[in-house]
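Protein chains: 8
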Amino acid sequence: MRLQRGQKLLFIGDSITDCDRVKPVGEGLFGALGRGYVGMVDALLQAVYPELGIRVVNTGISGNTVVDLEARWQEDVLDRKPDWLSIMIGTNDVWRQYDTPFIQEWHVYPEQYEATLRKLVELTKPQVSQLVLMTPFFLESSEQDAMRRTMDQYGSIVRKIAEESGALFVDTQAAFNVVLKELYSATLAWDRVHPTQAGHAVLARAFLNAVGFQWNRE
Amino acid sequence: MRLQRGQKLLFIGDSITDCDRVKPVGEGLFGALGRGYVGMVDALLQAVYPELGIRVVNTGISGNTVVDLEARWQEDVLDRKPDWLSIMIGTNDVWRQYDTPFIQEWHVYPEQYEATLRKLVELTKPQVSQLVLMTPFFLESSEQDAMRRTMDQYGSIVRKIAEESGALFVDTQAAFNVVLKELYSATLAWDRVHPTQAGHAVLARAFLNAVGFQWNRE
Amino acid sequence: MRLQRGQKLLFIGDSITDCDRVKPVGEGLFGALGRGYVGMVDALLQAVYPELGIRVVNTGISGNTVVDLEARWQEDVLDRKPDWLSIMIGTNDVWRQYDTPFIQEWHVYPEQYEATLRKLVELTKPQVSQLVLMTPFFLESSEQDAMRRTMDQYGSIVRKIAEESGALFVDTQAAFNVVLKELYSATLAWDRVHPTQAGHAVLARAFLNAVGFQWNRE
Amino acid sequence: MRLQRGQKLLFIGDSITDCDRVKPVGEGLFGALGRGYVGMVDALLQAVYPELGIRVVNTGISGNTVVDLEARWQEDVLDRKPDWLSIMIGTNDVWRQYDTPFIQEWHVYPEQYEATLRKLVELTKPQVSQLVLMTPFFLESSEQDAMRRTMDQYGSIVRKIAEESGALFVDTQAAFNVVLKELYSATLAWDRVHPTQAGHAVLARAFLNAVGFQWNRE
Amino acid sequence: MRLQRGQKLLFIGDSITDCDRVKPVGEGLFGALGRGYVGMVDALLQAVYPELGIRVVNTGISGNTVVDLEARWQEDVLDRKPDWLSIMIGTNDVWRQYDTPFIQEWHVYPEQYEATLRKLVELTKPQVSQLVLMTPFFLESSEQDAMRRTMDQYGSIVRKIAEESGALFVDTQAAFNVVLKELYSATLAWDRVHPTQAGHAVLARAFLNAVGFQWNRE
Amino acid sequence: MRLQRGQKLLFIGDSITDCDRVKPVGEGLFGALGRGYVGMVDALLQAVYPELGIRVVNTGISGNTVVDLEARWQEDVLDRKPDWLSIMIGTNDVWRQYDTPFIQEWHVYPEQYEATLRKLVELTKPQVSQLVLMTPFFLESSEQDAMRRTMDQYGSIVRKIAEESGALFVDTQAAFNVVLKELYSATLAWDRVHPTQAGHAVLARAFLNAVGFQWNRE
Amino acid sequence: MRLQRGQKLLFIGDSITDCDRVKPVGEGLFGALGRGYVGMVDALLQAVYPELGIRVVNTGISGNTVVDLEARWQEDVLDRKPDWLSIMIGTNDVWRQYDTPFIQEWHVYPEQYEATLRKLVELTKPQVSQLVLMTPFFLESSEQDAMRRTMDQYGSIVRKIAEESGALFVDTQAAFNVVLKELYSATLAWDRVHPTQAGHAVLARAFLNAVGFQWNRE
Amino acid sequence: MRLQRGQKLLFIGDSITDCDRVKPVGEGLFGALGRGYVGMVDALLQAVYPELGIRVVNTGISGNTVVDLEARWQEDVLDRKPDWLSIMIGTNDVWRQYDTPFIQEWHVYPEQYEATLRKLVELTKPQVSQLVLMTPFFLESSEQDAMRRTMDQYGSIVRKIAEESGALFVDTQAAFNVVLKELYSATLAWDRVHPTQAGHAVLARAFLNAVGFQWNRE
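Residue numbers (the UniProt record's numbering), protein chains in the order written: chain D, 1 to 218; chain U, 1 to 218; chain B, 1 to 218; chain H, 1 to 218; chain C, 1 to 218; chain F, 1 to 218; chain G, 1 to 218; chain V, 1 to 218.
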C-alpha cells in the first residue's frame, strides 16, 4: 500500500468524479464525497486500512473540461495542499465534439487538451508526493466507433504525460474493456458515459490496484 | 393525402410515443399529445390541412413492450374506435435484453414479439380504415453493433407483418440512417433511444410521407 | 435552400420566440431552444439537412417589446455574431394598449416602434449575411377587431422596413389567416396570442419556406 | 332586499363560479367560497346586511357543462336543501365547439343544453324558495363573432327557461356589454372567458341588483 | 364621483393593504393589486365607471408601521406621482405593544405616530390632487378592551391630521362597528386584525362612499 | 405523584392537544407527541421522573368537537387501554357558534355537549384507573365577552361532570386568568385559541400540578 | 467463488439492507438496489465477475423486525424463488428495547427472535441453494455497553441457527470490531446503527469473503 | 428568582441552542426561539412569572464551535446588549475529533477552547449583569467512553472559568447523569448529542434552577 498514514488524497475531474458530492468541497461525513468511484475508494480505504487515516477530498465538477480545471486549479487543487492528486478529465472535451458538433467553442481539441493537462501536471508535480493520471473512457466496445476512437486518442495523451512525469497511470478504458467483453454497454451506462455503481466499482478497483490496495491484507 | 375529413388517428407505443402526453388519454389542447413525434404530426396536419379536422389521439405509455400493449389493447385501442391506428413498439422488448440481461422476465424475445404483434394487428384490422406499422429503431450507425442488429431483426418482423396485413409500413431505422451518415448518434440521443426534437422530426416526417402529406399543397 | 453549411441562425423576440428556452442563451441539447417555432425550425433543419450543420440560437424573452430588444441588442445579438438574424417583435407593444390601457408607459406606439425597429435593422444589417423580419400577429379572423387592426398596422411597418432594407419578409398574419378561415381562433390560442404547437408549426413553415427549405429535397 | 334572514343561497356552475373554492363544498371562512363573483356576493351581503345571516354555498366545478351538473345534481344541489339556487352554466358547452371542434363528444349542443337545463329547473323549482338563472357570456364586443353568436343563442335559452319557470333572470352578457363599450375584451379576460376581479364585480353587481341589494340601505 | 378620468390612485399601508399584491409594485392584471380592499375598490371602479380609466396602484407591505412608510416614502409614493393617495397605517404600531410587549423597539407610540404621519401628509399634500386618510381599526366590539382603546386613540390622531390637512377621512372603525353589532369579531377575523373578504368589503365600501362612488349611477 | 410506574397516559382533544402529533397515533420518539402541552407533559415527566416509565399517548385531532370524539372513542380511547385518560374538548363546539354563526350544523350546543361528554366519561370510567377532565378555555380577560361567557358555561359543565364522576378536574381557564392579568391576550395567542409555547406551559403546569408532579422532588 | 452463473441472490433485512432501494422490489438499473452494502455487493460482483450474470435483488424494509419479515416472507422471499438468500435482521428487535423502553409491544425479545428466525430458515432452506445468515451489529466498541451486550446475544442466536442449518455465517460485529479498534464509533455512524459508506464496505467485504469472492481473480 | 423585571436574557451556542430558531435573530412570537431548551425556558418564565416581562433572545447556530462564536461575538452578543448572557458551547469542538478525526482543522483542542472561552467571558463580563456558563455534555453513561471523557474535560474547563469569573455554573452533564441512570442514552438521543424534548427539559430545568426559578411560587 503506497498511501501513508495521514495523507490527503484529492480527486479532481468532471461529472464522473463529482457524482453529487457536497459543494464547495467534498469532504467529511454524510456522503460528502458523492456516489461515485471517489466515495467507493474512500469507503474501501477506511474499511480495510482504518489505521491509516487517509483523508479523501473530492473537487470534481460536472461538465468540466481540462480548460475548466485550469481556471480553478489554484483554488481547488494547489490551495488544498494534497499529498496525492488524482486527475480524470477529458470526457466533455471529447463528447461535445460529438453531441453538439456545430458549437465549436464548447470543444477542446487534442492539442489544447494535451498542452493544458501537461501544464497542470508540471505545475503540480513539485508540490505533491504522488500524482495519479486516469484516462477518460467511453463505454463502447467497438474500437471503430468514432467517439471511442477519439477517446482512445485522448487516453494516449494521458498515458504519454504520465510517462513523462512519472505519474501513476490508470487505464480506465482497459479496465472497462474487460467487462465490455461480457456485458453490452447499456448495462453499464445508457449514455455510455455515466456509469452505474458497477461501473464505478471498475474505476475504484483500477485506482486502488494502482496504489497497492489489497482486499485481504497480509 | 390519405387521411380524410373528420377521421380519428390513434398512436400507441412506448416512451417515444408517450413523451409526457396527458393521462389517461392524450387528446385536446395544452400539449395533451406530448412533446414527441405525435404532437408534431398533429401540429403539421392542423397547420397544413386545417379543413380536414383530423383528430389525433396518443395512448403511448413509457416502458411498454408489445406484451404491455396486449394487456390494454381493448381499453386503449379498440374502445376508442380509431379510423387510423399507428403502432410503434419494440424498443423495450429489445433494450431490456441489453441493459438488464440477467432479468429475463423483462425481455420479450422475437417469437413472442412477432406472435403478439401479429395477433393485435389481425384483431384490429377489421375495425379500422387503415393501419400504420412503424419499426422500432436504435440510433447507432454500425450495423455490427449487437443491439442494433437485434433491433433490425425486430424491424424485419414489423415489415413482414405489414406486408401480410397490408398495413402502411414506416421504416424509421432507414429514415434515421440517412441522418446518422451525417451526425454521430449522441447528437440525436445520448442513450441512442430517446430522440431530441430533431429525431422526432425525422419520425414525424417519415410518418407523414407515408400518409401522403405534402408540405406545400398543390 | 439559402442557409449554408455552418451558419449561425439567431432568433430574437418575445414570449412566442422564448417558449421556455434555456437561459441565459438558448442553444444546445435538451430542449434548449424552447417548445415553440424556433425549436421546430431547428428540428426540421437538422432532420432534413443534417449535413449543413446549421447552428440555431434562441434569445427571445417573454414580455419584451422592441424597446426591450434595443436595450439588450449589443449583448444578445451583435456580440453573438450570427450569420442570419430573425426578428419577430411587436405583440406586447400592441397588447398592452388593449389589456392595460391606463398604464401608458407600458405601451409602445407606432412611431416609436417603427423608429426603434428601423434603427436596429440598420445597425445590424452590415454585420450579418441575411436578415429575416417576421410580422407580429393576432389570432383573430375579423379585420374589424380593434386589436387586430392595430396589429396589422404594426405588420405593415415591418413590411416597409423589410422592403427598405432588403430583408427577407415573413408575413405571419397572412400565414395564420389561411388557417383562421377553417378554424376558430380558440383552437389555435385561447388568448389569441400564444399559439398551440399547431400555431407554431404555421410559424415554422412560414419561416422555412422563406429560406428555401424543401420538405422532400430534390 | 328579497333575501331573508337565515336563508341558504347556493351557487352552481363552472370555473367562473368555482374560482378555487374549497372542495368538496365551498362554505365557511378562509376563502372557502373562492375568488370570484360568489365570494364577492357573500362579502357584500355580509358587509351591508350583516343581520340577515345569509348562508352562501358554492358548488361550482371547473370545466363543467350542463351535462356534468345533471350528474351531480342530487348530491350538490338537492341534498344541500338551499332556499335560493343560482345557476350559471353553458360556457364549456359552447367553448368546446370552438376550441376542440373535432372532439364532438365534448360538445353540448343547444337542444341537449335546453332540455337538460329545463329538466333541472323543473325538478328543483318545487324545492326552493327562489331560483336565479344567469346566462353564460363571452367577453367579445362583436355580435358577429361566431362564438359570441352561439353564446347569445344559449343565453336566449336561459332567458326562455327563466320566463317559463318564473326564475329571476340575470343577463350577464348585457351587463358586460356596457363595459365592453368602454374597454377592449383583453382588459377583462385574455381568453374572453375567465374574468378579472373587475369582471367578477360586474357579475356580482348584476346578481345583487336582481335580488334587491342596495349599496346604501335606506 | 370625485375621481376623474385618467387619474392615478395609489394605496399605501400594511398587510391589510398588501394582501399578496405583486411586488415590487402592485399594478396591472392577474391579481396584481392583491386580494384585499384595494383589489375590490379597483374592481368596482372599473366595473361601474369603466370610461374613467382610473389607474389603481398598491404599495402596501405586510408588517409596516408608519416608521417603515417614512423610510420608503420617496420611492413608493412621491416617485410614482399619484393623483390620489390613500394611507391606512397604524395596526402594527399598536399591535406590537400588545403581542410582544417586552420588545419596545418594535413599538411606535402615539407621539411618534402622530409626528411621522403628519410629516408625510404635509410633505405629500402639495404634490397630489387629493389625500385620503383611513384610520386603523381593531375588530373588537368592546370599547373597554385595552388594544381597542389604544387603536381608537390612533384613529383620533388620523382624524385630527385629516382635519388639519383637509384630507378625506375614512373612519374604518366606525364602519366596522356597525357590523360588529350584528356579528362576533371571530366571524370577520380570527385575530381581530386581518379581515375576511366581507371585512375587506366593509373597507372598500367605506372608501368608495368617501370618494362619491355610486353603485347604481344616475 | 399519582402516576405510577409503567402506566399509560392518553390525551384526547382538538387542535390544542393535537399540535402536529404523528398520525395515526402520537407515541414514541421524534416529536411524535406534538409541539403542545402533551409533549411538554411527557418531557417533564421523563426528565424529572425517569424511573417511572410513564408512557404518554396523544390522540388529539384538530377541529374536533365532542361529537367527533364520540365517533372515534372505541378506536382511539378504549381500544388503546390507557391507565389514565385526559380529555380537553369544547373549543370548536363553542367557536363555530361565533365564527360561522349561520352554519348551525357545525355547532354543538350545551345540552348536546353535556350529554355526550357525560356518556363518554361514564363509558370509560370503569376501564381506566383515573380520569382527568380539563376545561376548554378562551384567552380573553373580559368575562363580559360573549364567547368567553359561553366558554365559561362549557367549563362549568366539565366541572359538574368531573364532580359527578370523581375525575380529576383541571380548570385551564382559571390557570390562564392568572397570566391574563399581566399580559394582553395577543401575547398568548393572536386568535385567543391556539396558544404560544408559553400558553402550552400554562396548560402543562396545570395538568402536572393536578397529578402531583413536583419540579424538585423531595 | 461459490456463486454460479445466472443465480439469483436475494437480500432481506431492515433499513441497513433497504438504504432507499426501489419499491416494491429493488432490482435493475438506476440505483434500484439502494445505497448500502447490497448495492456494493452487486457492483463488485458485476465489476469483477461480469460473466457470471448474478442477479441481485433487495427486499429490505426500514424499521423491520424479524416479526415483520415473517409477515411478508411468502411474498418477498419464497415467491421470488431466489437461489441464494441472505438475511440480516435484529437491529430494531433490540433497539426499540433501548430507545422506547416503555412501549413493549414494539420489542422483540430473544425467545421470539430465535423461534421466528429458526422457523423462517427451516421453511426456506429446502427451497434455496444456499442461505447466508448475517448477524445484526451495534457500532459500539465497549462490550460492557448494555445495548451492545444485547446485540451480541442476538448475534449468538444467529450463529447457533447458522450452525444448525448449515447456512453460511457472517459475523458482522466481528468485522466491525476490527475497525472500531482504530476509529471511534461516531466516524462510522452517529447513531451507532446506520453506517457510512465505509461501514457498508465493511459489510459488503464480510459478505463477499464468505461467498468466495476474490478481488483479483486468479 | 434572580431575573428581574424587564431584563433581556440572551442564549448563545450551537445546534442544541439553535433548534430551528428564526434567523437572523430568534426573538418574538411563532416559535422564534426554536424548539429546544431556550424556547422551554422562555415558556416557563412567561407562564410562571408573567409580570416580569423577561425578554429572551436566541442566537445559537448549528455546528458552531467556540471559534465560530468568537467570530460573531460583537454582532450577536455585545451589540444586542443583554442583561443576562448564557453560553453553552463545546459539543462540536469535541465531536469533530471523533467523527472526522482526520480533518484536524475542524477540531478545537482544549487549550484553544479554554483560551477562547475565557477571552469571551472576560470581554463580556463588564457589560452584563450576570453570566451563565453551561457545560457541553455527551449522552453516554460510561465515563470510560473516549468521547465522554473528552467532553468531561471540556466541562471542567467551563467550571474553572465559571469559578474564576463568578458566573453562574450549570453542570448539564451532571443533570443528565441522573437521568442516564434510569434510561439508556438512545431514549434521549440516537446520536447521544441532540436531545429529545425530554432532554431539553433536563437542560431547561437545570438552567431555571440555577437562576432561582420556582415552579410553584410562594
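Because the hints were derived from the structure by calculation, they are not lab data. Hints are not guaranteed to be accurate.
[Unchecked claim] Below, a list of computed lysine-lysine pairs in the BS3-like style, where the Cα atoms sit at most 25 Å apart: (1) H:Lys160 to H:Lys125; (2) H:Lys181 to C:Lys8; (3) V:Lys181 to F:Lys8.
Cross-check of the supplied hints:
Note on Lys160 (chain H) and Lys125 (chain H): the hinted pairing holds, with a Cα-Cα distance of about 15 Å set against a maximum of 25 Å. Taking the CA atoms of Lys181 (chain H) and Lys8 (chain C), the gap is near 22 Å; set against the 25 Å cutoff, the hint holds. Between Lys181 (chain V) and Lys8 (chain F) the CA atoms are separated by roughly 22 Å; this keeps the pair inside 25 Å, and the hint holds.
Going down the numbered hints, you'll see the structure goes against none, and every one checks out.
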